[in-house]
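**Q** Given the sequences, and given the hints that come with them, work out the whole structure.
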Amino acid sequence: MTYLDHAATTPMLPEAVAAMTQQLARVGNASSLHASGRGARRTAEQSRERLAEALGARPSEVLFTGGGTESDNLAVKGLFWARRGADPRRTRVVVSPAEHHAVLDSVQWLAEHDHAEITWVDVQPTGEVTPAALADALGDGTDVALVSVMWANNEIGAVSELAALAEVAHAVGVPLHTDAVQAVGQVPVDFAGSGVDALTMTGHKLGGPMGAGLLVLRRDADCTPLLHGGGQERDVRSGTLDVAAIVGLAVATTTSVGNRVERAARVSALRDRLVAGVVARVPDVQLNGPALDAVVAGGPGRLPGNAHLSFPGAEGDALLMLLDANGIECSTGSACSAGVARPSHVLLATGADTDRARSSLRFSLGHTSTDADVDAVLDVIAPVVERARRAGLGRRSA
Amino acid sequence: MKLIAAMSGGVDSAVAAALAVEAGHDVTGVHLALSQHRQQMRSGSRGCCSVEDADDARRVAGELGIPFYVWDMAEQFAEDVVDDFVAEYAAGRTPNPCLRCNEKIKFAAVLDRAQALGFDAVVTGHHARLVDGELRRSVDAAKDQSYVLGVLTERQLAGAVFPLGGMTKERVREIAAERGYAVATKPDSHDICFIPDGDTRGFLDRRLGVAPGPVVDAATGATVGEHRGTHGFTIGQRKGLGVTVGDQRPRYVLGIEPVSRTVTIGTADQAGVDEVLTGAPTWTGPVPELPFGAVVQLRAHGASVPCTVSARDGSTGLRLELHDQQRGVAPGQSAVLYAPDAERGDRVLGQATVFRAGERQASVLS
Numbered sequence: 000m001t002y003l004d005h006a007a008t009t010p011m012l013p014e015a016v017a018a019m020t021q022q023l024a025r026v027g028n029a030s031s032l033h034a035s036g037r038g039a040r041r042t043a044e045q046s047r048e049r050l051a052e053a054l055g056a057r058p059s060e061v062l063f064t065g066g067g068t069e070s071d072n073l074a075v076k077g078l079f080w081a082r083r084g085a086d087p088r089r090t091r092v093v094v095s096p097a098e099h100h101a102v103l104d105s106v107q108w109l110a111e112h113d114h115a116e117i118t119w120v121d122v123q124p125t126g127e128v129t130p131a132a133l134a135d136a137l138g139d140g141t142d143v144a145l146v147s148v149m150w151a152n153n154e155i156g157a158v159s160e161l162a163a164l165a166e167v168a169h170a171v172g173v174p175l176h177t178d179a180v181q182a183v184g185q186v187p188v189d190f191a192g193s194g195v196d197a198l199t200m201t202g203h204k205l206g207g208p209m210g211a212g213l214l215v216l217r218r219d220a221d222c223t224p225l226l227h228g229g230g231q232e233r234d235v236r237s238g239t240l241d242v243a244a245i246v247g248l249a250v251a252t253t254t255s256v257g258n259r260v261e262r263a264a265r266v267s268a269l270r271d272r273l274v275a276g277v278v279a280r281v282p283d284v285q286l287n288g289p290a291l292d293a294v295v296a297g298g299p300g301r302l303p304g305n306a307h308l309s310f311p312g313a314e315g316d317a318l319l320m321l322l323d324a325n326g327i328e329c330s331t332g333s334a335c336s337a338g339v340a341r342p343s344h345v346l347l348a349t350g351a352d353t354d355r356a357r358s359s360l361r362f363s364l365g366h367t368s369t370d371a372d373v374d375a376v377l378d379v380i381a382p383v384v385e386r387a388r389r390a391g392l393g394r395r396s397a
Numbered sequence: 000m001k002l003i004a005a006m007s008g009g010v011d012s013a014v015a016a017a018l019a020v021e022a023g024h025d026v027t028g029v030h031l032a033l034s035q036h037r038q039q040m041r042s043g044s045r046g047c048c049s050v051e052d053a054d055d056a057r058r059v060a061g062e063l064g065i066p067f068y069v070w071d072m073a074e075q076f077a078e079d080v081v082d083d084f085v086a087e088y089a090a091g092r093t094p095n096p097c098l099r100c101n102e103k104i105k106f107a108a109v110l111d112r113a114q115a116l117g118f119d120a121v122v123t124g125h126h127a128r129l130v131d132g133e134l135r136r137s138v139d140a141a142k143d144q145s146y147v148l149g150v151l152t153e154r155q156l157a158g159a160v161f162p163l164g165g166m167t168k169e170r171v172r173e174i175a176a177e178r179g180y181a182v183a184t185k186p187d188s189h190d191i192c193f194i195p196d197g198d199t200r201g202f203l204d205r206r207l208g209v210a211p212g213p214v215v216d217a218a219t220g221a222t223v224g225e226h227r228g229t230h231g232f233t234i235g236q237r238k239g240l241g242v243t244v245g246d247q248r249p250r251y252v253l254g255i256e257p258v259s260r261t262v263t264i265g266t267a268d269q270a271g272v273d274e275v276l277t278g279a280p281t282w283t284g285p286v287p288e289l290p291f292g293a294v295v296q297l298r299a300h301g302a303s304v305p306c307t308v309s310a311r312d313g314s315t316g317l318r319l320e321l322h323d324q325q326r327g328v329a330p331g332q333s334a335v336l337y338a339p340d341a342e343r344g345d346r347v348l349g350q351a352t353v354f355r356a357g358e359r360q361a362s363v364l365s
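One line per chain: the protein sequences are A and B, in this order.
Numbering that gives the first Met the number 0 numbers the first residue of the first sequence as 0 and each following residue consecutively.
Numbering that gives the first Met the number 0 numbers the first residue of the second sequence as 0 and each following residue consecutively.
Read the hints as simulated data drawn from the structure, not as lab findings.
As the structure is a computational prediction, the values presented were derived from the model and not from experiment.
A virtual CB, placed ideally from N, CA and C, is assigned to each residue, including glycine.
Be careful, since some hints might not be right.
Example chain A residues on the side facing chain B (calculated, C-beta under 10 Å, incomplete) [stated by the list, open to error]:
no.: 1; residue: Leu32
no.: 2; residue: Gly210
no.: 3; residue: Leu226
no.: 4; residue: Glu314
no.: 5; residue: Asp316
no.: 6; residue: Arg341
no.: 7; residue: Arg386
no.: 8; residue: Arg389
**A** Below you can see the structure in the form of structure tokens.
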């Protein structure tokens, strides 16, 4: 099997599995007052400190959640409610249309159910958000509750310069949330250095467990909770701490942040060979997103493992199916819960036409990727694309 | 063979896929997303189009260990089946959307795509026998679906596999239960899949609007009532006419005239027809030589009637002389022609869309 869908989820690191399974065998609720509880608490807090260090945050800024979707919901809704509560004029949410659905649908929900107004920030043709575009969208900021712009795009790999965006938002007194689910462990992420107010990350994209994530939230950021209960996590996120998952998350994060530079070099070299090989073998291939060697703020301007390609005339889900039959696992980008392929909203947000959006595939490489994986794709890609192009984009445009 | 199993999420297509896998074929499951506004949970009588149905199909594919994908055919379905359904009613005819879906979607758009992607055929859970290219009624007469497959051509049938035609529905459920599929007890879907509440008239009201017109008694020519739109009626309909005529005898819809929006009703003796004129036929195999004798089924779940099939003067259509009078022969329905065969099952010869029906003696037909 050739697994090239690391942006969906990546294999757990063996050291994370070991640390987590060891913890699973231990009893103790981190909120209990006896020795077992204190032990669990100590383990959780050690993990919190290691995570804070890896992310450039203070331990008190690290809030454990059930994953990226929860963190995005908490940040978007919680900051909106708190900011509007403090000043009822703040009804606007400034957001990029290329965000993950966890952000987009949270914002849409606020618009439909809680009188929020959405202002879409223009996205560059390569997928990133510029400080100028954000400044345009913000105006004087008096009516803005929050900004949400992702650090790195999950589909086309575009990295935005969050420090510059946070500066623009802060200049008009607006807090900024960033979904950094794809960024942590792939590009340099420094919470304090970037100045962002809230940052989402999750474990299973960097070798940790599923169902464990973080919202990194500045100490001075007021955030209304979604979950009420025992008052854990600064009273922003109640619920018994999943200590084993937290341990796995901490080990995976420190490891992947620690070896990021070497791994990124190796993975991006594989990715570059994959893209060059596909382009050499298949006519009319389009690379979506930033150039492979793009640079943002001294780091990669594109996620090292991301190769997002359009094959005009073919349908993404036909390509995926034919590659799957050849043992190659990749993604068409966004799919709804029932698995219906839709044209990528990210590509549409960059101004791509529907055919380009429908004919796209994402290969995402990761820590277990090898030259053999790249070779496996290059061996079959030409006949696969040819066949999918014969099947066409449905009869309307065939 | 490399097969695409069209899996609705119901028990029939689940068992059809399972039997294809067990017969040694290389099977890939595909669920067709046909609704543009998919509901999360199944509701009403509809059994194919919700996310829950897709999940049921995925669950069975998972047990079978076969790949499974959802193909979005909603746009084609809306145009070729739903819009056609509405347009036919607007023209005073009575369409059969299941037949149209088989003709345009399952054994056209889906089959074409499957073949282009390197598959040989599409396997479905239809209750009909297909052996050596010959399409025949299912052994389960009550569940037989050969009528809605009668529109398929020789080429389409060459790309179809129907594993269930030789068994009863009861047996299909047993097979599903033996394999532990939760869909073994899933209720049968009925009615029209894109009208889950079963209220066809309400659906057409929303699409076509209310357009009142007279209800006229054929015997007297008198207007005996008013209706809200001709799309609420079908030829031969007895219930829901919304009028009572003095003599209290049952009345039937005899005619629908969409331009003047006139619905004509009459008594049972006026409702019978024994001559049917059709549009151009399609054949499931070699084109038969006219005239010939056959039996014809004039609507889904309708009776089989012996008839003589000949060319319709001055057109590419057919003229069917029915040997017994029939009521409720509606323009827009398919006249599916069968060669009777008690042993191997009546064989489908082909079909043609009913254009007009009447009485030979009355010579109202040209």
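**Q** Next step is simple, just say for each hint if it's right about the structure.
**A** Quick rundown of the hints versus the structure:
no. : hint   : result
1   : Leu32  : violated (43 Å)
2   : Gly210 : violated (21 Å)
3   : Leu226 : violated (23 Å)
4   : Glu314 : holds (9 Å)
5   : Asp316 : holds (7 Å)
6   : Arg341 : holds (8 Å)
7   : Arg386 : holds (6 Å)
8   : Arg389 : holds (5 Å)
The earlier numbered hints that this structure contradicts are 1, 2 and 3.
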